[in-house]
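*Asks:* What follows is each chain in one-letter form.
2 protein chains.
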Amino acid sequence: MKHSSLTQLAFLLFSTSLMTPALAANNMPVQKSPNGIELPAQYQDWRLISQSHRVDNNTLRTILGNDIAVEAARNNNTHPWPKGSILAKLVWKQTPEEHWPSAIAPDKFVHVEFMIKDKEKYKATGGWGYARWLGLEQKPYGLNTDFAQECVACHTPVKDNDYVFTRPAKLP
Amino acid sequence: MKHSSLTQLAFLLFSTSLMTPALAANNMPVQKSPNGIELPAQYQDWRLISQSHRVDNNTLRTILGNDIAVEAARNNNTHPWPKGSILAKLVWKQTPEEHWPSAIAPDKFVHVEFMIKDKEKYKATGGWGYARWLGLEQKPYGLNTDFAQECVACHTPVKDNDYVFTRPAKLP
Chain A
1 MKHSSLTQLA FLLFSTSLMT PALAANNMPV QKSPNGIELP AQYQDWRLIS QSHRVDNNTL
61 RTILGNDIAV EAARNNNTHP WPKGSILAKL VWKQTPEEHW PSAIAPDKFV HVEFMIKDKE
121 KYKATGGWGY ARWLGLEQKP YGLNTDFAQE CVACHTPVKD NDYVFTRPAK LP
Chain B
1 MKHSSLTQLA FLLFSTSLMT PALAANNMPV QKSPNGIELP AQYQDWRLIS QSHRVDNNTL
61 RTILGNDIAV EAARNNNTHP WPKGSILAKL VWKQTPEEHW PSAIAPDKFV HVEFMIKDKE
121 KYKATGGWGY ARWLGLEQKP YGLNTDFAQE CVACHTPVKD NDYVFTRPAK LP
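Going line by line, the protein sequences match chains A and B. Using the working numbering, read the first sequence as starting at 1 and increasing by one per residue. Using the working numbering, read the second sequence as starting at 1 and increasing by one per residue.
In case anyone wonders, no lab produced these hints; they're calculated from the structure. Treat each hint with caution, since some may be false.
Any copy will do: because identical chains look the same in the list, a pair fits if it lies in one copy or spans two.
Stated by the list, open to error - Straight-line Cα separation of at most 30 Å, DSSO-like style, residue types lysine-lysine; simulated pairs: (1) K139 x K170; (2) K83 x K108; (3) K170 x K32; (4) K139 x K108; (5) K170 x K108; (6) K32 x K139; (7) K93 x K108.
For clarity, every value in this text was computed on a predicted model and none was experimentally measured.
Chain A extracted, bound-state conformation (with noise of 0.2 Å):
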């Protein structure tokens, strides 16, 4: 094989692994979402952007970023937030820690749900493009594209925050 022909071969298995669909916890290729969204590759490898302790649920909430967003965050760019920011709510159920038990830790995975800054690409839905995955499986959640409007209903008190609730944790 020449040398090109080589390089092609490798170029062709680096854009494939690229093209992998993400695996879920047993190893099945991870559906899209009903609107289109695909599961972000590695996005437990992301960087903080703050967390939260839902007591309504009983839930806590790690928020990461892609590397547009924690740019954004971490210099105070965020309204709004730019194009291509990637939000991802990683949620657990809580439970206490058994050694330490006033201190609320994470159980059970619950499911992780992104926000996609695209201002033209997701007018439809304020500008944000919303998926969400069930479970360690990783299950799309929606019926249909439909789903998507529960998100933006939920967000809309928070329209004036470029729709997000989560703010920044302030960092040294």
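With chain A held as given, fit chain B onto it using these hints.
*Replies:* Frame of chain A; chain B shown alone:
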């Protein structure tokens, strides 16, 4: 200047940047902990291990790890944690989210504290080096090396969990 000298200069500048101590919010260099531990560089960019909410002192905590710790956590290889693991716990005072008050969110940054695994180096403190820096100005905690005995005393109830309270959050 010859090419080799330029390369040497570039290397020197690169090495110097690695040796520069971390800067606090006021751009002052961050001082070492009294036990000689230096603030790990760019710990704010480390990946997620877990989070918690201490309802006894109204603080929220995110636990991040360096690469060794994150690989260990995700491969369930934390009994014991491997040498070189570093856990960072970032702590904030809590506040209700403005538009969803039953969601408790981070407010003022309180401190960041670290556990660094090295059985030999930190034999006197159970195989972990402890350090903490207070506030956005990242002032080292402790008047002298004795401070770490506080840490050990508090962590001794979880000796069977390699002195670590945190259990890595389940992730897809």
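*Asks:* A separate judgement is required for each hint: does it hold in the structure or not?
*Replies:* Consistency of the hints with the structure:
no.: 1; hint: K139 x K170; in the structure: between (33 Å within a copy, 16 Å between copies)
no.: 2; hint: K83 x K108; in the structure: between (33 Å within a copy, 29 Å between copies)
no.: 3; hint: K170 x K32; in the structure: between (34 Å within a copy, 22 Å between copies)
no.: 4; hint: K139 x K108; in the structure: within (15 Å within a copy, 36 Å between copies)
no.: 5; hint: K170 x K108; in the structure: both (27 Å within a copy, 7 Å between copies)
no.: 6; hint: K32 x K139; in the structure: within (9 Å within a copy, 47 Å between copies)
no.: 7; hint: K93 x K108; in the structure: both (5 Å within a copy, 25 Å between copies)
Violated hints for the displayed structure: none, as all numbered hints are satisfied.
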